[in-house]
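These two chains come separately, so use the hints to put the complex back together.
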Amino acid sequence: MPIVIENLGFRFGSRVLFDNFSCELREGQITGFVGPSGSGKSTLLAVLAGAERPQSGTVTYPASLRRGRSVLQERIAWMTQTAPLMLRRSALANVSIPLHGRGVERGRRSGIAMASLELMDMEHFADESCIRLSGGERQRVAMARAVASEVALLLADEPTSALDKANRARLLTSLRAVAGRGTIVVVATHDLAVVSACDEVVDLEHRALASRDNSIS
Amino acid sequence: MRNDGLARSAGFVWHEACHNVAAWAVVSLGCITLVAGLALAVSRDGVRRAGTAFSVMAELDGAGRDVVRVVAQERGLLPSAFCDSLGSMSVARSSFGITPGPRLRLANGVVASSFVVTPGAARYLRPRSPNAGSMIGKVLARKAGLTEGSWLSFGIRRRAAGPEARTVSLISGSERSRSFDDAALLVKPPTGGSSECWVEAVRGGSGQLSSAIGNLGPSGVRIAVVPLRPDLAVRGDPEATLRRLPGELNTLTAGLVSAVIVLAFWFIRRQEWALYRSFGTQRPVVLGIALVEWIALAAVPLAIGTAWGVATAGANLDERAYRLGATNAAVALLVSLCAVPLWATYLRVASVVGTLREA
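Same order as they appear, the protein sequences are chains D and B.
Numbering follows the numbering used here, in which position 200 of the first sequence is assigned residue number 200; successive positions increment by one, without gaps.
Numbering follows the numbering used here, in which position 47 of the second sequence is assigned residue number 1047; successive positions increment by one, without gaps.
Next comes chain B alone, as it looks inside the complex (with noise of 0.2 angstroms):
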């Protein structure tokens, strides 16, 4: 007998909840849709003009390093060659354990450099990495079969742009590197795409690094080359910073709109909750169809965050899109199951009667 009521009970929960999810499902699919089309707009808009306003700079990082930055000037690429050129002049890779690891070509034309590195460096590395932990980069790894503490440097170019396309890649070793010092002359990998690369100096030793980059110069691109000068240094990376601003403001787009929605719900379902009480529907039963469809709602935003982060990153943005769509949807997915326990305690507390006065 008691299982039969449990059944009864689970079916009828679980067809009301169906309706209004539904129903629901409709309004959140449209509010949350809009705001991943805000989100991308604005965040690329943010990188063009971060991109404008500080191709050039100097910064000076936490350990107390020169870092010098190598950008092409016209948001071009830099060449491979003088990728190669540059990373010839590397003398830290073995002393780093940089080993050059498969290169990987995607289903989508992407084509992806891969580097091990020992658990040293990866650490060294990560907090660099444009891609570090990423769901992406470690599924690549673990297929490329790297072992564990491998960074992968998860680069994407269209393939109109060419077979040669790839990311900037780590430097590699040549005799013009021997005329620097290795203790004074580290390289770190690139960041922020092919039309930049970092170079870093221990300090003082910037100088020379800078004019030897400036010889390797490119041609047919403009480089900037900037050494480390104190009243040049900043903080932080305002570019960075104008990349993450949109990513962040629409995240508070988002769960603005996930609120809102959790508050028509409110307004809207508190009434039929009541209802359900009014013929005799018990509290229970109730509090599983609202936690069943709020659940199943709230799953929705997280679904098309998702796709769309994958499908615009797997569009060749970047990897920004991807993380932007899934912290949206984790915030909206937040947002939303915070109301769960906040409802569970008025179907708990809440006089049917006022509730059905209001209706």
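Okay, chain D solo, but in the shape it has when bound (with noise of 0.2 angstroms):
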């Protein structure tokens, strides 16, 4: 079951960022938002996340991600652009952090945190402080926490931003990696080589859906 948004619509004061914007996001997929700055990319993933309400139309999510009429915000994964991450804990700590609010059990949490951070090639630093550590290397702490969280719905803003090409690549693995497990990827970028390993892509300032070969639907 995807996850559908129809007729959204949001503005910010008299900036309209969305209307009658509707698409589908659909598991085992990793989805695009492309589009300049101020196009709304991040306010969107704000709104599959449940941070911002649709101030029209209506995002329907999967029973995956429903319990009754609510959302599970505990099957959401959310990495902002910022990468913000607790910066007086360690780096295995934070990676950790959304297991134990899930319930996963102290040894098999490390276990997990460990191999995400391996994931992103970040297993040295795994008993660093954050606030240690640069911005590339907090980028890829906050990826392999997203990584692994388990959850159904992952949302990635500009992940790749602080990254080089080696880490841009492992990073494209492991979100190919977690789609591969039926997860929602939706990743909101400007960086071409995330674009092309999109298998939808939806261009925000046309309002125009292209799948993988780019054709313009």
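Among these hints, one or two may not hold up.
To be verified - Among chain B residues calculated to face chain D with C-beta under 8 angstroms, some are:
1. Phe1012
2. His1015
3. Glu1272
4. Ser1278
5. Phe1279
6. Gly1280
7. Thr1281
8. Gln1282
9. Leu1287
10. Leu1291
Said to hold, decoys possible - Part of the chain B face toward chain D, derived, beta carbon under 8 angstroms:
11. Gln1271
12. Val1285
13. Ile1295
To be verified - FRET-style restraints, in silico, Cβ to Cβ:
14. Arg53/D to His1015/B: 25 to 35 angstroms
15. Gly28/D to Leu1334/B: 52 to 62 angstroms
16. Gly13/D to Cys1338/B: 31 to 41 angstroms
17. Trp1266/B to Gly107/D: 34 to 44 angstroms
I should point out that these hints are in silico values taken from the structure, not numbers from a laboratory.
For each residue, glycine too, the CB sits at the ideal point set by N, CA and C.
Given below as structure tokens:
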């Protein structure tokens, strides 16, 4: 079951971001939102994460993300543009926190967190306080946290903005692996390498949907 | 399933809250200890200055009686014998229902005298008592088996001051007291420590009382006996005001320090709360973390203030220290706890997006 956005309307004051915007986000696929700055990519992710409410229109979540009429927040991981972390805590602790919140046992928690850090080549920094990490390293820890969370919806906002080529490739591999578990992965990006890795791309400037081969529908 | 979820959330809340309390307790501890130290220094200095400036004074109390104050001018102690002889002038003891109670010897060498009074007299005495309503006084009164309505004078002296050291006691009767009219002369318990006594007479009786006290003057200690004169009369007690002022300033400081800690905590933690939300932690769980950690943190100044107050009172400063510590702590706790409903409101209405963008 996909996430269905229907006739979404959203504005900041007099500035209209979305007016009757609709699209579908499918399980097991990576969907990319592209567009210039201010086109509403981050806002759309915030709406999907439940942090902002649609001013009009609806967002319908699949059963895996709902309990009754309410959205299961704990099944959503949202990696924002600034990749914020708890800076006074270690990288491992940062990756473990959401797992703890979801009730994963302590032993398993550490294993999953370490595996995610390894995936992002950050296992050597597991015990390092995040305040000592560079911007790119913090972004990788944030990504490791999102990957470790075993969620049904993963939202990543500019996940590669501070990464070099090798780490970007690692991140895309892990995003693909997450999507392979049946997770809906949504990425807001300017990065062409990320765009080319997406199964579907939504151009927010022209409000058009393109498939992987970039044919516009 | 629901119980499982609750237990899981409670464990998570506890884990996260403990982590942050540990970090913030250090800050809180440092600030409150600093305030406590300043409070002690300022308070003692204020009392010393107050003693110099107002060693002699007269006062007209609210009841329209003449009040005579007897003070040792060199900040020495009034000898017990002198106090006893002062007491010999009293004819009011029985009419006031004041009866000497047991002498209490405390573990730290403090000797306290106690007096049992009738409820009516207790009402009269309490406003003048330096220890009125004190927790220690109440505990000691209960231990001594004093009945309700009893009043305990809890003066503190070091054992080093001698086995006879004690609080200035209430007046005991003697032949000499009969030269005064029962209705004209009333005697109050001492206030402020053993360097001074208050003796109270009905209007017009203070001259007679003053001369009688002057005749009793102790050898080796110069005393000042100040009968009422309307032109010297002052409302309130400047010394008491000066004593109280540093305490009030320190309480204000404690409040300000607490407010600064609250603000610092707010600026750092609100982004982390938004972060919890961004990886799917539900709002009630985040609120639970905030509540637990802040209530636990607010308890830190309370514990420190109380411990400090009790320790310094036990070290024979005086009860002001105990009260000041407790007051500071209570203010800090209050300011801290006031923040919790504000944060709860914030978590309800705040935009997670906005908060994370600020990060």
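Checking against the hints above, which ones are violated?
9, 10, 13
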